[in-house]
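Undergrad: Use these hints to put chain B onto chain A, whose structure you have.
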Amino acid sequence: MTAPSPAPDLARLPGVDPAWSRRVTVADSTGTKHEWHLLDNGVTDPVGTLLCVHGNPTWSYLWRRLVAAAPPGWRVIAPDQLGMGFSERLTELRPLAQRVADLGDLTAALGVTGPVITVGHDWGGVISLGWALQHREQLRGVVLGNTAVAMPPGDLGPALIRLAHAPGVRPAATVGTPLFVRATTALSRPALPAAVRDAFAAPYATAERRRSVGDFVADIPFAPGHPSRATQEAIAEGIRDLDVPALLLWGPRDPVFGERYLADLRGRLPHAQLHRYEGASHLVTEDAPQYAKAIAQWVADLTEGRPAAPSRPAAEATDRHPWSALTDRATDDSPAVVEVAGGTGDGAWTTGGMVTWAGLSRRVEDLAAGLVAAGVGPGTRVGMLVEPSADLTAAVYAVWRAGAVIVVADKGLGLRGMRRALRGAGVGAVIGSAQGLAAARVMGLPGLRIAAGGVSPAAARALGATTTLAELEQRGTTAASPAVAAPDADCAVLFTSGATGPAKGVVYTQRQAVAQLDLVRSTYGLTPADRLVAAFAPFAILGPALGIGSVVPDIDVTAPGSLTAAKLADATAAAGGTVVFASPAALRRVVATAGELTDAQRSALGGVRLLMSAGAPVPLSLLQQLRAVLPAAEAHTPYGMTEALPVTDVSAAEIEAADAGDGVCVGLPLAGVEVRVSALTPTGRSEGDLTEVPGVTGEVCVRAAHVKDRYDALWATERISSRNPGWHRTGDVGHLDAEGRLWIEGRLPHVVTTAGGVVTPVGIEQRVEALPGVSAAAVVGVGPAGAQVVAVVVVPAGTRPSRLPGAAARLAPADSDLAAAVRAAAGTEVAAVLTTGRLPVDIRHESKVDRTAVARAAGALLAGTGGSRRRS
Amino acid sequence: MRVLVTGASGMLGRATAERLLARGDEVTVLQRHPAELDCPQVLGDVADPGVVARAVAGQDAVVHLAAKVDVTGPWAEYERANVTGTRTVLAACAAAGVQRLVHVSSPSVAHGGSALVGVGAEPADPAGARGHYARSKALAEREALAADSPALAVLAVRPHLVWGPGDTQLVGRIVERARSGRLPLIGSGAALIDTTYVDNAAAALVAAVDACGPVHGEALVVSNGEPRPVAEVLAGLCRAAGVPEPRARVPFGVAWAAGAVVEGVWALTGARRTPPLTRFLAEQLATAHWFDQRRTREALGWTPEVSLDEGFARLAAAYR
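The listed protein sequences derive, respectively, from chains A and B. For the record, in the first sequence the residue sitting at position 361 is 495 according to my numbering, with numbers rising by one throughout. For the record, in the second sequence the residue sitting at position 281 is 1200 according to my numbering, with numbers rising by one throughout.
Be careful, since some hints might not be right.
Over the 10 angstroms line for every Cβ pair with chain A, so calculated as not near, a few chain B residues [claimed, not checked]:
id, residue
1, Pro953
2, Gly969
3, Glu1041
4, Asp1044
5, Ala1065
6, Leu1071
7, Asp1086
8, Ala1109
9, Leu1111
10, Glu1145
11, Arg1147
12, Gly1220
13, Glu1224
Which bits of chain B does chain A cover? Going by a derived footprint, with three or more residues having C-beta under 8 angstroms, they are [claimed, not checked]:
id, segment
14, 1005 to 1011
15, 1025 to 1037
16, 1203 to 1211
Calculated from the structure, these hints are not laboratory results. Note that the Cβ used here is the ideal one computed from N, Cα and C, for glycine as well.
Next comes chain A alone, as it looks inside the complex:
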């Protein structure tokens, strides 16, 4: 006994081709016939079939983008479950086992023979996996959006669904009113278009048509005695045996299926590839429309048999590990790390902490053994929430020695950014200072908490830590020495600055870390006689691995402006520093405070032979000014990024020797590093084959043994960045010159696409910034891709250079003299010259200009008053 379903008017719904809509009548296992509605791209003789199963209370509309983006030759079928969407209405609850069987009856009736990749979301995930387990011979892969196959231990069931499940609430919330139907599409931020929300609600206009929405909720087996419980448990356990490729696409802002459900799924499908769409909520298909292309790419890769691990130059076979330098000097009693706690201004200094090579080596071995004994072993991801210090250094090497993985998300990301990063990386333990532990508590990080930084055991407990580094070290003296990790084991997840969207986790293996250390050591001729003054967090950690003693100045490394010339001098004096590493922002402050140096401090700085600065473009003028502060130092600036550092290197003298060109000269690729560019299309897409032809502007691509292993939990991003197998696409735009030097011209999203061709910002900015009336400039495009015009936004000289992070200051048209001067200097057609008080910069380095934000502000101003108005 069934109610007829009205014909859907799909032509009215955004994004659906009515030609996909079809109906088919299928007899179920009892012989009862049911009319199904489904979307079907109708590919005959397909390479394979994507079987897309929606959950509750959505319908096949959920999969419209995937139907539109079907991989070549693939059929896409998205049925409306019985009682749902525009399929036939039911008069009774249809239990899970029956729904799995129904889906099998449908695919048989549709002549689906395989190979099949199931795609499921919400409760459709379980049903699709049930089908998968019953059709193993046809199954080629499984794809899952936000879903759950089981109730993870300790969980009482998705709170919102439980609420809807409560007697009395469910009928009213799910059937009697459209509350549940409407609430499901109300979770997205930004909100979905009203027309899309209406489309999701279209099949569920009346209580009669919503009956199965309530029945679906009632069929969720929360309680052990529930009729569907056995079926659900069989599916949840059964997928542990699935050996087909799996892809998880996840919206982390899901209030229904949170992190624990993702962790549960990854536990059952450990080989699954994962992409977390930051900011996406439960309806990941709506909040991350790019999901469809990602699935299409993943399916195409399976079809073509693309190898999972592309070829790349491997580091020489070696038994070296990132901590090997410590083992080498295990009996050396000279200082390995010195922390400077404060200078007196006359060259005298006090150390806040000091550890010898022998001491550090011993400490790392004990701590590693203690960590493993406490359960932090191979593969455990450990959030490092400790300020650069001897403690952090020991902890990092101990984590590596234990075979575990450091996860580094710096305070520059802000608490929300750090939380997203650390939770997204799946940390299983945290090592934190008092401040770090407090932050870990606020962020609600899971797992073991270990106190660092001399926090007493009692204080540590108060901060939520179960143990301290000192306790673990003590415990380690009697514990077994940990096994040495395999060279290809993960060793680090580092986060990008997040200057262009959410920070991305970058995974390195031990082998890649060793390759990076070797490259840095050989490039800069570092020997055990050197002493590193590290005013830049990563290098504060890496000093011991490089085999050179290091000293950490008395600064807050997340506030580059806190390094003064005097503090730099004190740190240098403390350890006889020969090498200085600092960010350009920090060095600006050093130059600004050089007048405060005493003779003794100047003398200490005179012993520095090498200055390295990185993190953002380092202007030549800054390096030249530093010659007065560090007279004996050869100034170098490596070029690279979180994913590959270093790639090239250039000295101040080499920059001076290079004539002005279009962009910033970053020097020659380092030994063993290959650099190519992928030329840009007129609309700014980097689609050209990799080339080293001089003068071709394109996306900079790098291949080397020390390039990242992959992005973490970002399958689609990784796939795009490594679409030339073995190469990493940097997102930077530049060209190689006839001498093989690399010139950086900007970031890929910042390329201006004019009708006359692409225009890159950096060269123009340099020419404009050379004008006497200008202290900073940003070149941006305004208008549609391919037909943009150039706007130059300048900070006039004399404006107080308050390079504050955050939103752009107000823009205004420049006066005619300034506009004329900028146009004359630009060397390209400029539509508008605007002024501002400051340019928005990133938080971590305070120097990467957010041209996207500038472009947005300029675009709004140049559109005029009517830009947002429309009158009849």
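TA: Positioned in the frame of chain A, the structure of chain B alone reads:
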């Protein structure tokens, strides 16, 4: 080639006729009053079938510029000149076996008051067009493109804000206002405005005569492709004419409201003189108007010869 140019008494019509003459075409012109041109002239109303038939006879191509361009006056006048006039020309072309018609239109046929940022030539929209001029031109362009056929190739060309020496419409009005201190800057003055120097517009129309045939049945916006903040454009025109640059700034909302009041008063009083400020003008001076020129340049095989700055220099020379 034998070419008829209608509306040759205006700045752009005359420049187009001169350019055709200069390259050796046999040019006839049609307008109400004699033009300063050394070629056969048919005098009369473009909505008069007899006059138009006489002018069109024996032509290979027609460039139809004749139109009522204004901001005041009753709808009937616009309809007769722009809609009926175009219909008359189309009928005459069909009757005489003319093969090419370049219909000169305006970007305003497709756009209301919203900002135009690098857009292409959208279809003419009489319902959405603002004011009698734009609406009548939208109706005319629609009819012209509907008449495109294998026998008669029709191309609609929409020059945007044409200016140059001798221009009484744009430059004349701006300079006159600036001279009397009545030219305010509305809003920030930053809205990007593209314009067309008259020689470039004329060259584009001549290129359209040649391209018409292989290219047909579409509308193309023509401009210099050099958008600039409106304040810079106004300042450039004023400097060239030797009049004070606009200094006073009026917030957009105030200007728009003032325009509404003025329009109301003008409508009530039935005044024929151009009102000092209209809502349309307030919007024109405060919102971006620039266009994606890629299709136009590809279709016509034309690029502007005279840059904005060169145009200002030529205008200044004309004012000296």
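Undergrad: Now look at each hint and say whether the structure bears it out.
TA: To see whether the hints hold, each was checked on the structure:
Every beta carbon of chain A lies more than 10 angstroms from that of Pro953 of chain B, the smallest distance being close to 41 angstroms; the non-interface claim holds. Separation of Gly969 of chain B from chain A is adequate, the least Cβ-Cβ distance of about 40 angstroms exceeding the 10 angstroms criterion. Annotated as non-interface, Glu1041 of chain B keeps its C-beta farther than 10 angstroms from every C-beta of chain A; the closest such distance is 13 angstroms. With a minimum CB-CB distance of about 13 angstroms to chain A, Asp1044 of chain B clears the 10 angstroms threshold, and the non-interface call stands.
Every C-beta of chain A lies more than 10 angstroms from that of Ala1065 of chain B, the closest at about 26 angstroms, which supports listing it as non-interface. With a minimum CB-CB distance of about 31 angstroms to chain A, Leu1071 of chain B clears the 10 angstroms threshold, and the non-interface call stands. With 10 angstroms as the threshold on Cβ separation, the claim that Asp1086 of chain B sits away from chain A holds: the shortest Cβ distance comes to roughly 22 angstroms. With 10 angstroms as the threshold on Cβ separation, the claim that Ala1109 of chain B sits away from chain A is violated: the shortest Cβ distance comes to roughly 5 angstroms.
For Leu1111 of chain B, the non-interface assignment is contradicted: its Cβ lies about 5 angstroms from the closest Cβ of chain A, within the 10 angstroms cut-off. The beta carbon of Glu1145 of chain B is not kept farther than 10 angstroms from every beta carbon of chain A, the shortest such distance being approximately 7 angstroms. With 10 angstroms as the threshold on Cβ separation, the claim that Arg1147 of chain B sits away from chain A is violated: the shortest Cβ distance comes to roughly 6 angstroms. Non-interface call for Gly1220 of chain B relative to chain A: holds, since the shortest CB-CB distance, roughly 15 angstroms, exceeds 10 angstroms.
For Glu1224 of chain B, the condition that its CB be more than 10 angstroms from all CB atoms of chain A holds, with the nearest at approximately 16 angstroms. Only residues whose C-beta sits within less than 8 angstroms of a C-beta in chain A count toward coverage, and the segment 1005 to 1011 of chain B has 0 of them, not enough to reach three; the restraint is violated. Against chain A, the segment 1025 to 1037 of chain B contributes 6 residues with a C-beta closer than 8 angstroms to a partner C-beta. That satisfies the three-residue criterion, and the hint holds. For the segment 1203 to 1211 of chain B, the proposed coverage by chain A is satisfied: 5 residues have a C-beta within less than 8 angstroms of a C-beta in that chain, meeting the threshold of three.
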